[in-house]
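Could you build all of it, start to finish, from the sequences and the hints given here?
Number of protein chains: 2
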Amino acid sequence: MQSAPITYLDHAAATPVANFVVAAMQPYLTDQFYNPSSPYAPAIRVRHDYETAKAEIAAVLGVKPDELVMTAGATESINLIITSVSGHVVTSSIEHQAVLAAAATHEHTFVQPDANGSINPESITQALRPDTVLVSIALANNELGTIQSLKDIAMALEAERERRRIAHEPMPLYFHTDASQCAGLLDLHVSRLGVDALTLNAGKVYGPKQVGLLWAANYVRLQPVVVGGGQERGIRSGTENVAGTIGFAKALTVADQHRKAEAARLHQLRDTLRARLEQAFPWAVISGNPKKQLPNFLHISFPGLDAERLLFALETMGVLVATGSACAANKGTRSHVLTAIGMPPEVADGSLRISLGKLTDQAAVDRAADCIISVVRAESQRVGNL
Amino acid sequence: MQSAPITYLDHAAATPVANFVVAAMQPYLTDQFYNPSSPYAPAIRVRHDYETAKAEIAAVLGVKPDELVMTAGATESINLIITSVSGHVVTSSIEHQAVLAAAATHEHTFVQPDANGSINPESITQALRPDTVLVSIALANNELGTIQSLKDIAMALEAERERRRIAHEPMPLYFHTDASQCAGLLDLHVSRLGVDALTLNAGKVYGPKQVGLLWAANYVRLQPVVVGGGQERGIRSGTENVAGTIGFAKALTVADQHRKAEAARLHQLRDTLRARLEQAFPWAVISGNPKKQLPNFLHISFPGLDAERLLFALETMGVLVATGSACAANKGTRSHVLTAIGMPPEVADGSLRISLGKLTDQAAVDRAADCIISVVRAESQRVGNL
Numbered sequence: 344m345q346s347a348p349i350t351y352l353d354h355a356a357a358t359p360v361a362n363f364v365v366a367a368m369q370p371y372l373t374d375q376f377y378n379p380s381s382p383y384a385p386a387i388r389v390r391h392d393y394e395t396a397k398a399e400i401a402a403v404l405g406v407k408p409d410e411l412v413m414t415a416g417a418t419e420s421i422n423l424i425i426t427s428v429s430g431h432v433v434t435s436s437i438e439h440q441a442v443l444a445a446a447a448t449h450e451h452t453f454v455q456p457d458a459n460g461s462i463n464p465e466s467i468t469q470a471l472r473p474d475t476v477l478v479s480i481a482l483a484n485n486e487l488g489t490i491q492s493l494k495d496i497a498m499a500l501e502a503e504r505e506r507r508r509i510a511h512e513p514m515p516l517y518f519h520t521d522a523s524q525c526a527g528l529l530d531l532h533v534s535r536l537g538v539d540a541l542t543l544n545a546g547k548v549y550g551p552k553q554v555g556l557l558w559a560a561n562y563v564r565l566q567p568v569v570v571g572g573g574q575e576r577g578i579r580s581g582t583e584n585v586a587g588t589i590g591f592a593k594a595l596t597v598a599d600q601h602r603k604a605e606a607a608r609l610h611q612l613r614d615t616l617r618a619r620l621e622q623a624f625p626w627a628v629i630s631g632n633p634k635k636q637l638p639n640f641l642h643i644s645f646p647g648l649d650a651e652r653l654l655f656a657l658e659t660m661g662v663l664v665a666t667g668s669a670c671a672a673n674k675g676t677r678s679h680v681l682t683a684i685g686m687p688p689e690v691a692d693g694s695l696r697i698s699l700g701k702l703t704d705q706a707a708v709d710r711a712a713d714c715i716i717s718v719v720r721a722e723s724q725r726v727g728n729l
Numbered sequence: 344m345q346s347a348p349i350t351y352l353d354h355a356a357a358t359p360v361a362n363f364v365v366a367a368m369q370p371y372l373t374d375q376f377y378n379p380s381s382p383y384a385p386a387i388r389v390r391h392d393y394e395t396a397k398a399e400i401a402a403v404l405g406v407k408p409d410e411l412v413m414t415a416g417a418t419e420s421i422n423l424i425i426t427s428v429s430g431h432v433v434t435s436s437i438e439h440q441a442v443l444a445a446a447a448t449h450e451h452t453f454v455q456p457d458a459n460g461s462i463n464p465e466s467i468t469q470a471l472r473p474d475t476v477l478v479s480i481a482l483a484n485n486e487l488g489t490i491q492s493l494k495d496i497a498m499a500l501e502a503e504r505e506r507r508r509i510a511h512e513p514m515p516l517y518f519h520t521d522a523s524q525c526a527g528l529l530d531l532h533v534s535r536l537g538v539d540a541l542t543l544n545a546g547k548v549y550g551p552k553q554v555g556l557l558w559a560a561n562y563v564r565l566q567p568v569v570v571g572g573g574q575e576r577g578i579r580s581g582t583e584n585v586a587g588t589i590g591f592a593k594a595l596t597v598a599d600q601h602r603k604a605e606a607a608r609l610h611q612l613r614d615t616l617r618a619r620l621e622q623a624f625p626w627a628v629i630s631g632n633p634k635k636q637l638p639n640f641l642h643i644s645f646p647g648l649d650a651e652r653l654l655f656a657l658e659t660m661g662v663l664v665a666t667g668s669a670c671a672a673n674k675g676t677r678s679h680v681l682t683a684i685g686m687p688p689e690v691a692d693g694s695l696r697i698s699l700g701k702l703t704d705q706a707a708v709d710r711a712a713d714c715i716i717s718v719v720r721a722e723s724q725r726v727g728n729l
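Chains as they are written, first to last, in the numbering used here: chain W, 344 to 729; chain C, 344 to 729.
Simulated from the structure, these hints should not be mistaken for lab results. A portion of the hints provided could be inaccurate.
Repeated chains share a single entry, so a pair holds when one copy, or any two copies, can fit it.
Pairs of lysine to any residue, SDA-like flavour, derived with a Cα cap of 25 Å [as the list claims (entries may be wrong)]:
#	residue 1	residue 2
1	Lys634	Gln600
2	Lys701	Pro385
3	Lys603	Glu450
4	Lys701	Arg390
5	Lys494	Pro633
Since this is a predicted model, take the numbers as computed values, not measurements.
Now the structure itself:
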């Protein structure tokens, strides 16, 4: 049935593990399989290689290796930071389900984005309470690709911290970001982002699934979600994922080295695709923030059409795109992100999320444009939209 | 420095991923990398293969696939079942740190084993309270290799359940076991074990690290430790570890198929090793339950000697053994298991845990025996023990 070659345009949902990453991991599955907590030299070498991998990751973030906690993906990382704090949590209504669900276990305020999916720092300031302990805003939204002005939000939080200092209020205020969609595309240096804690996911950057991390500055007191043998400084027990962490380090460092060139390449490909679709369908709605947008993201809506029908028609031609985030079990419900930015239902229901990546070249973009134009035209005629 | 060929006798700490397991995983890292929650056919095939792997695991346990929750290892699995319940928890003082630490977050009673590390069902009965909700006892102890009579404990619990039924007390009473050390050695069929919940770990059975599972019968109400996208029936959010689960299924099913022959092979090798060491050192102390012992475990103590010195001397000869569990960050402290069975400190401090496995053959056992005999003789002479 699936005879067409695959044109994969859903890198935001999952990325293939790069061959050099598989090659880096493999020795730690087979020959160097030792438990890094064992006391003999071959295990100590494994421990050393594990710590070296953490140091490589730390260098990309500009942090200390012992401030990293390796987790089984971004969701656990997000849960770890949010369940570690006691107090009011501020986040936005367009965050990943993991942030929304973990924040819902606290007193919380969900700030609303603007129509582009941007979070106004002023709206964060308004949501702050004297007992607010954590603000969590993703560096880039995982449906729209809108990049947030974390530095401006950080300044707003610094003003509140200064108020608390003067008022002798001891309540800390931490700033966390999920940067999972941004590795290999944006600068992840935490001091330039202005955050106190950061989540990353190897599975979005050509590393293995179920590998992620939480960085938290040493003044953020973490509380373990999982207790036991005391690994990861007691914050996250369980035998370490040596192969996964080494694969993550390789994937992240290589992606970061090529970040500027790859971002520029994807930016140009994305703009080509967008231009072709805009030309063919002037009535289509492009969402996100045109001035602050992930270079590999294109969110486009065809009002009056059914995105699922488009998706399946495209799939028969080998073109794989998304209607929204893959990270939700409740399929068939309307995206909470599109609802939050005030998109009318008839627009939201005709929305495609197209995300480019390493598998995307000019031929892929040309092919995708041809197929999308053909499918949208056919669907438009079918429903009498044209 | 490490020029001798390695004789690995610490399979209880970690096992190499079998080559056929790596081969089974690899396609799901690279070509079949799709997010199993994505809606297009290639992702649906990945979802199908993931579910098939869970069904293969379920068949080994004799359970329904949708009663399995895949986790990042045994520690998370143990935390998931213990944090899911509200009430008094009964476990033993020789359990894995993950059980002890998670139980410590509840009201709890730690029952004491006998000198062989066996848990008397009567001691469990005595520890039960009207508000006891969970009993957790490992199928085999991870330091001594003592196999517990779970069926007898299950009968004791059934008597308490019957009492509660008659008294119209609604408090449930669940029985959980960590069987991580037993895959590929013992029958894991849960109805024959008599448990309501079971933990397994791929990393102990020639599968990948950081892959585990919790089976819980459908009448056990689990509470998520990690919230988010709602994967694993809402119990454990996060993009599924497709490659890891497929590797786990392959490792477990193959190990279970060869279980009887492999257990017999290891039993004979272990007995050969034990006989040689007993002959050379009649004063050595063999621990565990000789009638109910994992076939690959040998726990031997050399009173008056320092196990760490033995371990490092053996390491220079390429023989890798353990002094205790690798799963604890606090090295250099005396094993809580040996303390609990009442072993005097001067015996405990001279203890080696030797665990055989796929990497062990007759030549390895002969070599290990030669080396251990030589090292123990030298150390004994050094300290004037002989």
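Going down the list of hints, with the structure as the test:
1. In this assembly of identical chains, Lys634 and Gln600 lie within 25 Å of each other by CA distance solely inside one copy; the values are 24 Å within and 59 Å between copies.
2. With identical chains, the CA atoms of Lys701 and Pro385 are at most 25 Å apart between copies only, with a shortest distance of 18 Å across copies and 36 Å within one.
3. With identical chains, the CA atoms of Lys603 and Glu450 are never at most 25 Å apart, being 40 Å at best within one copy and 55 Å at best between copies.
4. With identical chains, the CA atoms of Lys701 and Arg390 are at most 25 Å apart between copies only, with a shortest distance of 23 Å across copies and 31 Å within one.
5. In the homo-oligomer, the alpha carbons of Lys494 and Pro633 lie at most 25 Å apart inside one protomer (19 Å), although the nearest pairing across protomers, at 65 Å, exceeds that limit.
Of the numbered hints stated above, the single one contradicted by the structure is hint 3.
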